[in-house]
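J.: Work out the full structure: start from the sequences and follow the hints.
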Amino acid sequence: MSSPERSEIELTFGSDIGFLDLVQEISDSISRLAGFGADDLYWIGLSVREAVTNAIQHGNKQDPEKRVRIVFQLTTDRICIIVRDQGRGIRDSEIPDPLDPENLLKPRGRGIFFVRSFMDNVRFHVRPEGGHEVIMEKLRSSKNEGEENENRNSNGE
Amino acid sequence: MSSPERSEIELTFGSDIGFLDLVQEISDSISRLAGFGADDLYWIGLSVREAVTNAIQHGNKQDPEKRVRIVFQLTTDRICIIVRDQGRGIRDSEIPDPLDPENLLKPRGRGIFFVRSFMDNVRFHVRPEGGHEVIMEKLRSSKNEGEENENRNSNGE
Amino acid sequence: MRIETRTVSDVTILDIHGKITIGEGSAEIRNRVRDLLQAGRKKILLNLGDVSYVDSSGIGELVSSFTTVTNQGGQLKLLSLTKKLRELLAITKLLTVFDTYDDEGKAVASFS
Amino acid sequence: MRIETRTVSDVTILDIHGKITIGEGSAEIRNRVRDLLQAGRKKILLNLGDVSYVDSSGIGELVSSFTTVTNQGGQLKLLSLTKKLRELLAITKLLTVFDTYDDEGKAVASFS
Ligand SMILES: Nc1ncnc2c1ncn2[C@@H]1O[C@H](COP(=O)(O)OP(=O)(O)O)[C@@H](O)[C@H]1O
Ligand SMILES: Nc1ncnc2c1ncn2[C@@H]1O[C@H](COP(=O)(O)OP(=O)(O)O)[C@@H](O)[C@H]1O
Numbered sequence: 001m002s003s004p005e006r007s008e009i010e011l012t013f014g015s016d017i018g019f020l021d022l023v024q025e026i027s028d029s030i031s032r033l034a035g036f037g038a039d040d041l042y043w044i045g046l047s048v049r050e051a052v053t054n055a056i057q058h059g060n061k062q063d064p065e066k067r068v069r070i071v072f073q074l075t076t077d078r079i080c081i082i083v084r085d086q087g088r089g090i091r092d093s094e095i096p097d098p099l100d101p102e103n104l105l106k107p108r109g110r111g112i113f114f115v116r117s118f119m120d121n122v123r124f125h126v127r128p129e130g131g132h133e134v135i136m137e138k139l140r141s142s143k144n145e146g147e148e149n150e151n152r153n154s155n156g157e
Numbered sequence: 158m159s160s161p162e163r164s165e166i167e168l169t170f171g172s173d174i175g176f177l178d179l180v181q182e183i184s185d186s187i188s189r190l191a192g193f194g195a196d197d198l199y200w201i202g203l204s205v206r207e208a209v210t211n212a213i214q215h216g217n218k219q220d221p222e223k224r225v226r227i228v229f230q231l232t233t234d235r236i237c238i239i240v241r242d243q244g245r246g247i248r249d250s251e252i253p254d255p256l257d258p259e260n261l262l263k264p265r266g267r268g269i270f271f272v273r274s275f276m277d278n279v280r281f282h283v284r285p286e287g288g289h290e291v292i293m294e295k296l297r298s299s300k301n302e303g304e305e306n307e308n309r310n311s312n313g314e
Numbered sequence: 315m316r317i318e319t320r321t322v323s324d325v326t327i328l329d330i331h332g333k334i335t336i337g338e339g340s341a342e343i344r345n346r347v348r349d350l351l352q353a354g355r356k357k358i359l360l361n362l363g364d365v366s367y368v369d370s371s372g373i374g375e376l377v378s379s380f381t382t383v384t385n386q387g388g389q390l391k392l393l394s395l396t397k398k399l400r401e402l403l404a405i406t407k408l409l410t411v412f413d414t415y416d417d418e419g420k421a422v423a424s425f426s
Numbered sequence: 427m428r429i430e431t432r433t434v435s436d437v438t439i440l441d442i443h444g445k446i447t448i449g450e451g452s453a454e455i456r457n458r459v460r461d462l463l464q465a466g467r468k469k470i471l472l473n474l475g476d477v478s479y480v481d482s483s484g485i486g487e488l489v490s491s492f493t494t495v496t497n498q499g500g501q502l503k504l505l506s507l508t509k510k511l512r513e514l515l516a517i518t519k520l521l522t523v524f525d526t527y528d529d530e531g532k533a534v535a536s537f538s
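Residue numbers (my numbering), protein chains in the order written: chain V, 1 to 157; chain G, 158 to 314; chain W, 315 to 426; chain R, 427 to 538.
I should point out that these hints are in silico values taken from the structure, not numbers from a laboratory.
You may find that some hints are simply not true.
[To be verified] A partial selection of chain V residues facing chain G, derived with a Cβ cut-off under 8 Å:
#	residue
1	E8
2	L22
3	S29
4	Q86
Backbone N, C-alpha and C define an ideal beta-carbon position, used for all residues, glycine too.
T.: Below is the structure:
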């Protein structure tokens, strides 16, 4: 599974949070196929879950006619996951810092923070053809805060 | 998840049999979400696996540039699964009867037979816009040869 | 998510089972806590030992419950964090906010 | 898929582990059987008790192995079918073709 075409998997579904568990299971299956260990699976899955929750709630405003598309790209050294919605995107000013003492006890505003904590590269992109996407990567050899070494597998089996 | 848009999940990937286990895991996750029990999951998963194997091998002739698309449609009484490839389709004369004494000991020719045995409605369709699809349905209350009652769940939990 | 309620001396223990995520009865813990406060029960221990998954909404749910109780002069503490939940609370700087315990007896005894 | 080879009197037992599916070393059983025949070992028992999954290709693999052995005057029998595999062999009318056993001792004794 080395050429870019062969290693790209796309998943599309309607804006229903009833799909979140399914999406996370699929993320786990794909991350496992990509050679990630149990802990990475967990943090990748949580990041996908948060990005998809945002796509459904903020991007598509829970409109069941609007769809969410996830593209999983597997390459030798990383997995790149793109979560697309049909919304207008995120303004930087809208992304709160949940560690700010003023925000510490707020009930919301930790989703993007989790994605940024657990993935290696995270970008937000408003698409010229319409819609918005979050692009996030996880390197196979990466090590970050929320991660232990047990069960790691850095060479894709 | 009742409206048609909300309950349609699409999966697209390249023509690589290395994806078969993943596809089967995803089929299991979706069938479980749709409320099917363990035995149904197994037979639906096997049918999807056989249809996708054919799409990769016969439809797309293992060309990694060509993609396979699966659409899972969940409705209250059934799951409908459509497996699309970019090939020219199946002629009826090509579908062997593996129970014919002449074919009984042949190493191949049981894939479509399995799909037809385990799913409730199976159709082959050459798409006017190009490509071929197998459309297969499994009813929630169905009972067929390869199936036991244990673990069944007929009302979607 | 499923919540069971127990009482040990004047502490109410909520045993929470399953997922604390968006959609999974998101407001259930908060509502249960509000009911307890209305009934005058202000020492609340959330037992999270059987919680299988928490997302950012779930963290928010714990924070809301905490502020509601604190604002009414009560105390809300956490028991038996899983390793993953502890990590989430650590990176969000909430481990310093919550009083957390691994031993139920010690947790109950800690309420003043 | 993983195959281990044992010998009990003049019967060779292949213990097959894992999946017999397309891509999973599809031709491995057939090749192993061919090697045995070349070495003059014509009584072969496939132990399928630890096989986790079989697709239509896997069924074809069993059939090929069977016909190869039979054509050379040998015998190939099956041991410990899982419930699902038994169902697949039943609907393909192959249960009548294969000699199948649940007990290894009886299977070994059955070779003439
Ligand atoms: N896909 C999106 N489209 C539009 N706005 C978004 C999207 N994702 C996030 N946002 C904005 O960024 C804010 C912060 O998101 P997040 O950190 O996930 O916290 P929360 O969703 O709990 O508010 C959201 O409240 C929303 O205003
Ligand atoms: N998606 C497809 N596109 C074109 N031809 C197909 C497709 N699926 C099946 N076929 C044809 O039907 C035949 C029977 O398929 P099947 O019953 O799955 O057995 P097998 O794949 O083992 O030959 C194949 O050999 C092929 O000629």
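J.: Please check whether V:L22 passes as an interface residue: C-beta within 8 Å of a C-beta belonging to chain G.
T.: With a closest approach of 5 Å, the V:L22 hint holds.
J.: Is the interface hint satisfied for V:E8? The criterion is a beta-carbon contact with chain G at less than 8 Å.
T.: Result: holds, 7 Å to nearest chain G Cβ.
J.: Under the criterion of a CB-CB separation shorter than 8 Å, is V:Q86 in contact with chain G as hinted?
T.: violated, 12 Å
J.: May I ask you to test the interface hint for V:S29 with respect to chain G, counting a Cβ-Cβ separation under 8 Å as satisfied?
T.: Hint on V:S29: holds, closest Cβ of chain G at ~4 Å, below 8 Å.
Of the hints listed earlier, the one the structure fails to meet is number 4.
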